[in-house]
Amino acid sequence: MTSDDPQPTAQHSSKNAAVVNQQPWHRGLLAIPPPLKRVFDKFPLVTYDANELPLNAPRQRNQHVLHVFTIDKDAPDGKLSFNPACAKWQAYLKFNDIPFRTVRSSNHASPSGMLPFLIPAGTGAKSTDPIPSNKLKKWLALQKKSTKSHDTNDVRYEVYMSLIDSCIRKAWLFQLYLSPPNRTLLKQLYVEPCSSNFFIQQTTLYQLRQAAEAELAKSSQSNEVAEKDIMRDAEEAFEALSTLLDEAKGPWFAGGEQPDLFDASVFAYTHLILSDALAWKDNQLGEMLRNHPNLVQHQERIVAAYF
Amino acid sequence: MHLFVLGPAFGLPAANAECIAAIALLQSQAIKDWSIVPTSTIEPTLPLLVDGQQHISGFRNIARYVEEKLSEDILISRPRDRADTSAITSFLESNAQPLVDISLYVSFENYRHTTRPAFTRILPWHANYIIPPKLRAGARIRTEHLGVASIDVDNVHEDMSNRPEGFDGVGKQEGFEKQTQQRASLLLPRKDTLKSLLQRPERAATFKLHALANNFFEALQELLGENDYFLGQELTSLDCLVYGHLSLMLYPKVEQDWLASTMRQKYKKLVAYTEFMHTKLNMQTNVDDVVALAKCQTVEDVVAYRQACGMALPWSPPATPSAVEIIRSTTRAILSNLPVMEESPVVTMTTQGKYAYLKSILPLALSLMTTAAIGGLYYAFTTRLLAWPTGEQVHIFGRKRLQDYGDLGDALSGLSLFSRQANQDAAFHAQEHPGNPVQVDVAIEGDVGR
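Residue numbers (full-length UniProt numbering), protein chains in the order written: chain A, 1 to 307; chain B, 1 to 450.
It is possible that part of the hints are untrue.
[Stated by the list, open to error] Non-contacting residues of chain B with respect to chain A, defined by C-beta distances greater than 10 angstroms in every case (computed):
| hint | residue |
| --- | --- |
| 1 | GLN97 |
| 2 | GLU109 |
| 3 | VAL324 |
[To be verified] Result set (DSS-like, lysine-lysine): computed pairs, CA atoms no more than 25 angstroms apart in a straight line:
| hint | chain 1 | residue 1 | chain 2 | residue 2 |
| --- | --- | --- | --- | --- |
| 4 | B | LYS134 | B | LYS253 |
| 5 | B | LYS69 | B | LYS280 |
| 6 | B | LYS280 | B | LYS269 |
| 7 | B | LYS295 | B | LYS280 |
| 8 | A | LYS137 | B | LYS208 |
| 9 | B | LYS268 | A | LYS218 |
| 10 | A | LYS79 | A | LYS94 |
| 11 | B | LYS295 | B | LYS269 |
| 12 | B | LYS208 | A | LYS135 |
| 13 | B | LYS134 | A | LYS138 |
| 14 | A | LYS228 | B | LYS280 |
| 15 | B | LYS208 | A | LYS218 |
| 16 | B | LYS32 | B | LYS69 |
| 17 | A | LYS144 | A | LYS94 |
[To be verified] Derived, one-sided and incomplete: chain B residues facing chain A with beta-carbon distance under 8 angstroms:
| hint | residue |
| --- | --- |
| 18 | PRO44 |
| 19 | GLY58 |
| 20 | ARG80 |
| 21 | ALA83 |
| 22 | PRO318 |
| 23 | VAL347 |
These aren't lab readings, by the way, just hints derived from the structure by calculation. No residue lacks a Cβ here, since even glycine has one placed at the ideal position from N, Cα and C.
Bound conformation, chain A alone (with noise of 0.2 angstroms):
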């Protein structure tokens, strides 16, 4: 029945349209009317390219893409990133030769919460997952079958790592983030990115601000720490570290033939300190490496040599 079921309806229906010139009452209310219709018939049927994809959508994924912080102008052409973190696994990317574009961002782009994090290279089914900066060492392991740079894991670098991880840290995040005179530059770097309006700067900056006088008051007792007991240790550090420098027998400090991520991780600190990239109104850290000439050459040189 189903089947010769609907022509002779049709016929039925064709037959009753030339007769009475009446269609059925649900398909008059859902036709055109035919002023508009008229209208319409006017009017070429255009299909609409596919929308393009958002501005902050991954483009090249040829390509490693190493999230950092960064100021948007640097982002193209790789520039050292003002955060020692993000500036630190730069450098070792490049000791390594390994090629990567950077992508400004910042915490809330990354999976774990801390820049920089890398996302890899690969299209379709090859899983791309990112990369935190805690697993970029044994990621990079990974990629080079050939370890052209070789780490040392000498206890000793261990043991002096822990003083840039501390010592040195702590007086950056004071001479960045807590010195009256470095607070323009603290907006600039920080700040000015994440928001224009003055209400929301004001806050993050106060927020950034607490964040660091926590930070540097975690380690003590009580709640008070004195810039003065931080900056003699970072003093002390960066002698430590010349001392260490002098010993190496080589330009590097693990004593290879190419700068590994001890040399990075001083590096990155150091440059940042001692460069122009920086608008530093107030550098105390700068004249403490200024009397140890041996680290400035080495940051020198790894200027000359990589970037």
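Since the structure of chain A is provided, determine the placement of chain B on it from the hints.
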């Protein structure tokens, strides 16, 4: 020279690594006329060395000061040794401190059974409510990034909220029987299976903790090598600091002694080193003897008591805070628990910023302003200085005649008498309502009005 420390505790002369280190340093350098004063406040940073007019706090500063003061051959002279000293110092700070924190403060079982009672013995009662919780909070902040919070079973609510649904309820979905079984098994003596042992919160984090501990001990043992001391054959301030941290890991008798047992099992050289330093510097301390010193009245009494007990360290009676001091610290502790008044960490600068003072009073000023604003509004409404918009107080119904509209209405009604319509109207109303229009007081609330 007086050295103020927080202690004694756990059979050691102090309860934190830097204090122990400072005592060890002064003890090792054969300084005359110094005494240790147990104190019950942690402000300013302990250990605090008071030498005449000078107040020096923190172990690093004390070590520098002692070094300058003696300026003899104990000085670490070679640049390489100086470098090693500062490197190992910061290595200890960033690796040993978290381990001690976890072992003594973050781990709730250890805190409850060892740390807290140790403080109860030495602190006056009011400080017991302030100092240990504060130290514990500090330890938790310092170890937050390590992600071992699960050994801290004290914080039940926080823990539960972070768990995804069904995380801890493996048995729960399996219906009633399983649950009853579990309940019933609670009544029976507990049988530890391997699985249940591993599932206990303190065990779950164990793997991570062992990794942390091994990282630290291995590096330290390698640095020590075959030497007697860390920088060769001489005892230096660095050794005191290392001893300070290691002794706090080794000696306290805690329930979950993963730290001490790891050290004893695998790092015998470090244990031997710690025990050697412990006996060499005579650091064994009887807490009760030191507390009993408070009864001594005169200096001679103290000296006699020290000899009677055979104390190797120059203990003096605990510092007793004045009433004003007690009230001040207690008030501060209470205030700091209020939401707006909580103490934020302070970094004192050598050059004060322009707005330092303003910033310090900002929270107070903001809270005062808010309170004043709310109070002022309330006052204004209760005294009817401001009125809540509820519409007119008097409503007149039946406004039909011109006379009802005040003086002008009267005048106009005189004019309108000429019109018949108005006349009829007036007559009609006069019939119905002889007299003035009815005035009704109606209080209308909300938007029912008009």
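The hints, checked one at a time:
With a cut of 10 angstroms on Cβ distances, GLN97 of chain B falls inside the contact zone with chain A, its closest approach being about 7 angstroms. No beta-carbon of chain A is positioned within 10 angstroms of the beta-carbon of GLU109 of chain B; the least distance is around 23 angstroms. Remark: the non-interface label on VAL324 of chain B is consistent with the geometry, its nearest Cβ contact in chain A lying 19 angstroms away (cut-off 10 angstroms). This hinted pair checks out: LYS134 of chain B and LYS253 of chain B have alpha carbons roughly 22 angstroms apart, not beyond 25 angstroms.
Distance restraint check for LYS69 of chain B and LYS280 of chain B: the Cα-Cα separation of roughly 23 angstroms lies within the 25 angstroms cut-off, and the hinted pair is therefore satisfied. With a C-alpha separation of about 16 angstroms, the suggested pair LYS280 of chain B and LYS269 of chain B falls inside the 25 angstroms cut-off, and the hint holds. A threshold of 25 angstroms between alpha carbons decides the hint, and for LYS295 of chain B with LYS280 of chain B the separation of about 29 angstroms lies outside it, so the pair is violated. For the proposed pair LYS137 of chain A and LYS208 of chain B, the alpha carbon gap of about 20 angstroms is at most 25 angstroms, so the pair holds.
With a C-alpha separation of about 32 angstroms, the suggested pair LYS268 of chain B and LYS218 of chain A falls outside the 25 angstroms cut-off, and the hint is violated. Proximity of LYS79 of chain A to LYS94 of chain A is assessed by CA-CA distance (about 11 angstroms); at most 25 angstroms being required, the pair is judged to hold. The hinted pair formed by LYS295 of chain B and LYS269 of chain B fails the criterion: a straight-line CA distance of about 41 angstroms is larger than 25 angstroms. In summary, the hint linking LYS208 of chain B to LYS135 of chain A is supported, as the alpha carbons are separated by about 17 angstroms, within the 25 angstroms threshold.
Distance check on the hinted pair: LYS134 of chain B and LYS138 of chain A sit about 39 angstroms apart at the alpha-carbon level, beyond 25 angstroms; violated. A hinted pair counts as satisfied when its Cα atoms are at most 25 angstroms apart, and LYS228 of chain A with LYS280 of chain B does not qualify at roughly 34 angstroms. Using a Cα cut-off of 25 angstroms, the hinted pair LYS208 of chain B and LYS218 of chain A holds, with the two alpha carbons roughly 22 angstroms apart. Proposed proximity of LYS32 of chain B and LYS69 of chain B is supported: the alpha carbons are some 13 angstroms apart, at most 25 angstroms.
Between LYS144 of chain A and LYS94 of chain A, the direct Cα distance comes to roughly 13 angstroms. Compliance with the 25 angstroms bound is thereby established for this hinted pair. Hint status for PRO44 of chain B: holds, given a least beta-carbon distance of 6 angstroms to chain A, under 8 angstroms. Checking GLY58 of chain B against chain A: minimum C-beta separation of about 7 angstroms stays under 8 angstroms; hint holds. Interface restraint check: ARG80 of chain B against chain A, minimum CB-CB distance 6 angstroms, threshold 8 angstroms, status holds.
Taking 8 angstroms as the C-beta cut-off, the interface hint given for ALA83 of chain B holds, the closest approach to chain A being about 4 angstroms. Because the beta carbon of PRO318 of chain B sits about 18 angstroms from the nearest beta carbon in chain A, more than 8 angstroms, this interface hint is broken. Below 8 angstroms, beta-carbon pairs count as interface contacts, and VAL347 of chain B has one with chain A at about 5 angstroms; its hint therefore holds.
Violated hints for the displayed structure, listed by number in ascending order: 1, 7, 9, 11, 13, 14, 22.
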